[in-house]
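Participant: Here is how the chains run, residue by residue.
Protein chains: 2
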Amino acid sequence: MKRNLILAPGPTQIPPDLCAALGKPIIHHRTPQFAQNLKDVIDGLQYVMQTKNDVYILTSSGTGAMEAAVCNLVGKGDKAITVEGGKFGERWTELCKVYGAEPQVIEVKWGTAVKPADIKALLDKDKSIKAVFVTLNETSTGVVSDIKSIAAVVKETNAVLVVDAISGLGVIDIKMDDWAVDVIVSASHKGFMLPPGISFVAMNEKAYKLVEKCETPRYYFDLRKSKKVYNDPDTPFTPAISIVVALVDSLRKFKEEGLDKLFARYAKLAEATRAAAKALGMTILAGDDCVSNAVTPIVLPEGVAGGKVVKIMRDTYGVTVAGGQGYLKGKIVRIAHMGCVDEYDILTGIACFEKALKDVGYSFEMGAGVKAAQEVFNS
Amino acid sequence: MKRNLILAPGPTQIPPDLCAALGKPIIHHRTPQFAQNLKDVIDGLQYVMQTKNDVYILTSSGTGAMEAAVCNLVGKGDKAITVEGGKFGERWTELCKVYGAEPQVIEVKWGTAVKPADIKALLDKDKSIKAVFVTLNETSTGVVSDIKSIAAVVKETNAVLVVDAISGLGVIDIKMDDWAVDVIVSASHKGFMLPPGISFVAMNEKAYKLVEKCETPRYYFDLRKSKKVYNDPDTPFTPAISIVVALVDSLRKFKEEGLDKLFARYAKLAEATRAAAKALGMTILAGDDCVSNAVTPIVLPEGVAGGKVVKIMRDTYGVTVAGGQGYLKGKIVRIAHMGCVDEYDILTGIACFEKALKDVGYSFEMGAGVKAAQEVFNS
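Residue numbers (this note's numbering), protein chains in the order written: chain Z, 63 to 441; chain R, 63 to 441.
Rather than coming from a laboratory, the hints here were simulated on the basis of the structure. Just so you know, not all the hints are guaranteed correct.
Put simply, identical chains are the same to the list, so a pair is met inside one copy or across any two.
[As the list claims (entries may be wrong)] Simulated crosslink set (DSS-like; lysine-lysine; CA at most 27 Å straight-line):
#	residue 1	residue 2
1	192	182
2	290	149
3	290	373
4	370	101
5	373	287
6	275	290
Nothing here was measured: the structure is a model prediction, and the numbers come from that model.
All chains should be built: construct the whole structure from the sequences, respecting the hints.
Facilitator: Below is the structure:
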């Protein structure tokens, strides 16, 4: 009877009705029945992304969608901008390099956000830059980028703005059409409360023009193939049917709750988690101006081993959170509040965090974290 | 209360216990708990492939694994052999061309199998050929290749043999180590009775040496990344967790039934399906020497519209089979017997086939197909 609560930034908890939907008898993918599911999924994703653009469904985890964005937009010798403020920003750079593009890397101190003016300066200096690759929610540091301001800069140029919204979409507001974001990539296993297995690439016409001209070799992730069968709708290769089918039910929840209420819920969960961490004598890695509502990056006090805390929380108490990545390994704990998470889950997570902190010998007032979180919820 | 039976060559029926496994609460993938699942999956796949080689798990449908095989083994200017005897053989050629390799295409009449001697002749003529890409079970035509004889030819050369066993593995015998097959690719949604979403690439050392030298740009499908984390075991990117977890249960069934019994079961189902088709006055597209035990390709009599038969079977009677692809569109019906299929399912499928044939006005002795199938089962 151990608790099984996931407060990690992906995969996230799957609500029981979506668990059941995943286990439905399979349907064949080349049927009108499946096409209706695909239609509903595209419609629902357009609602969450706030766009009328095409949304292509790929069978891969998030990195596959990132690769699709890169290999369909840039190629040998193409200039691009990438923003490295964490592990997933670095992935854009790696992908660009693999496909022969030349990324101009904006290095950002982990825990801070890129300044839109820095992107503007590079774009002003070099008019040949084709694409700007950024991250909505940098999962490794809990930092949110100011996509609205970045988009305002990029839309004045010939470059396209590509946003990795894998862990941010459905949790943090991103208005694809209003803000003129050219490409959004995301996946099923974060805000959408489903297992990993499908990913999404939404794209406007400005970006699709690059796809048509791009000469980078590609097949499985060739978005021209996706476009060709889009209107029916179909997928060029066998899709991860069960996840698509369950996503129909997931997306219905988004419309029922409404985006404003949804974003407000996550904001409150994040605020409570930050308050709890501070009440336990800890700091938040990301500044107030850029801290994420999807995942809270808690800096542990000197001498508290992050790896141990994460392990105890998971193996002894049944609550899965994430530790730090890269140079933050062992130094932070990341508590996510995305997808199927409510205030009682956060109280449970904080209570368990307190237990693990006690187990590793950290001295603090037991209960202070839960109390602080509860105060936020009840305010 | 309409029947919902899938006798299509992928996706295949999911048994109820595996449906339930797919809906289990999610676990995080960077945990010892998930690593144990991955270990069990690798072990089970090695059992089915009859190998001790590494088996890498990718999150994609089958084509992703085919792409991984191509982009990790061959590159610009590399010579390769592909065998085109159906739609999936053609896919090898397309993939090779996209990545700059130069496929020498052996064209085989649809419904017949490639002659190993033809592969030998090409290999003898050109010692620089790096890879031979073939298909175990050509799903579009119901033809099985003689992999054992092909492997005997290829193993005498520097070339590696790559087998698309997506729809064949777990249904038709393939002894990776005994026969010296260098690479096998497969996927979750055919013989393994699960939804599409994960794929597999098994590879011996001869092939892995090519992977290390191959300069084709790749990232998501880079098998060097898979190899690097293989011994732990882990996957380089977030895997389709729920399908991996359910695959543990699926593979347990393979060990319980045993490969010999399993292959014999499919052989019987196929024999009965062929007998039924013949009793209904039809022929089988593939010859007796190469017809598949995974899918039976039934040639419809002149004037019987295949598309209509498939549609009636599915929409009126609830049994999903497949029509023809490419130039066979409308001319054949493919009844699959792979995965979770027993003799009662085949009787149901044939009975429904008879109903649809009657509906389109084909004249035959009603019941003759079911009777013939039953005679095979009871013999």
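Participant: Now look at each hint and say whether the structure bears it out.
Facilitator: Results of checking the hints against the structure:
Within a single copy, residue 192 and residue 182 get their C-alpha atoms as close as 13 Å, which meets the 27 Å cut-off; across copies the closest is 48 Å, which misses it. Taking identical chains as interchangeable, the C-alpha atoms of residue 290 and residue 149 lie at most 27 Å apart only when they sit on different chains, with a minimum of 18 Å there against 34 Å within one chain. In this homomeric assembly, residue 290 and residue 373 come within 27 Å of each other (Cα to Cα) only across copies, at 24 Å, whereas the closest approach inside a single copy is 47 Å. For a Cα distance limit of 27 Å, the shortest separation of residue 370 from residue 101 across copies, 24 Å, qualifies, whereas the shortest one inside one copy, 45 Å, does not.
Taking the shortest Cα distances, residue 373 and residue 287 sit within 27 Å of each other only across copies (25 Å), while inside one copy they are farther apart (44 Å). For the homomeric pair residue 275 and residue 290, the shortest alpha-carbon distance inside one copy (15 Å) is at most 27 Å, but the shortest distance between copies (35 Å) is not.
Of the numbered hints given earlier, the model fails none.
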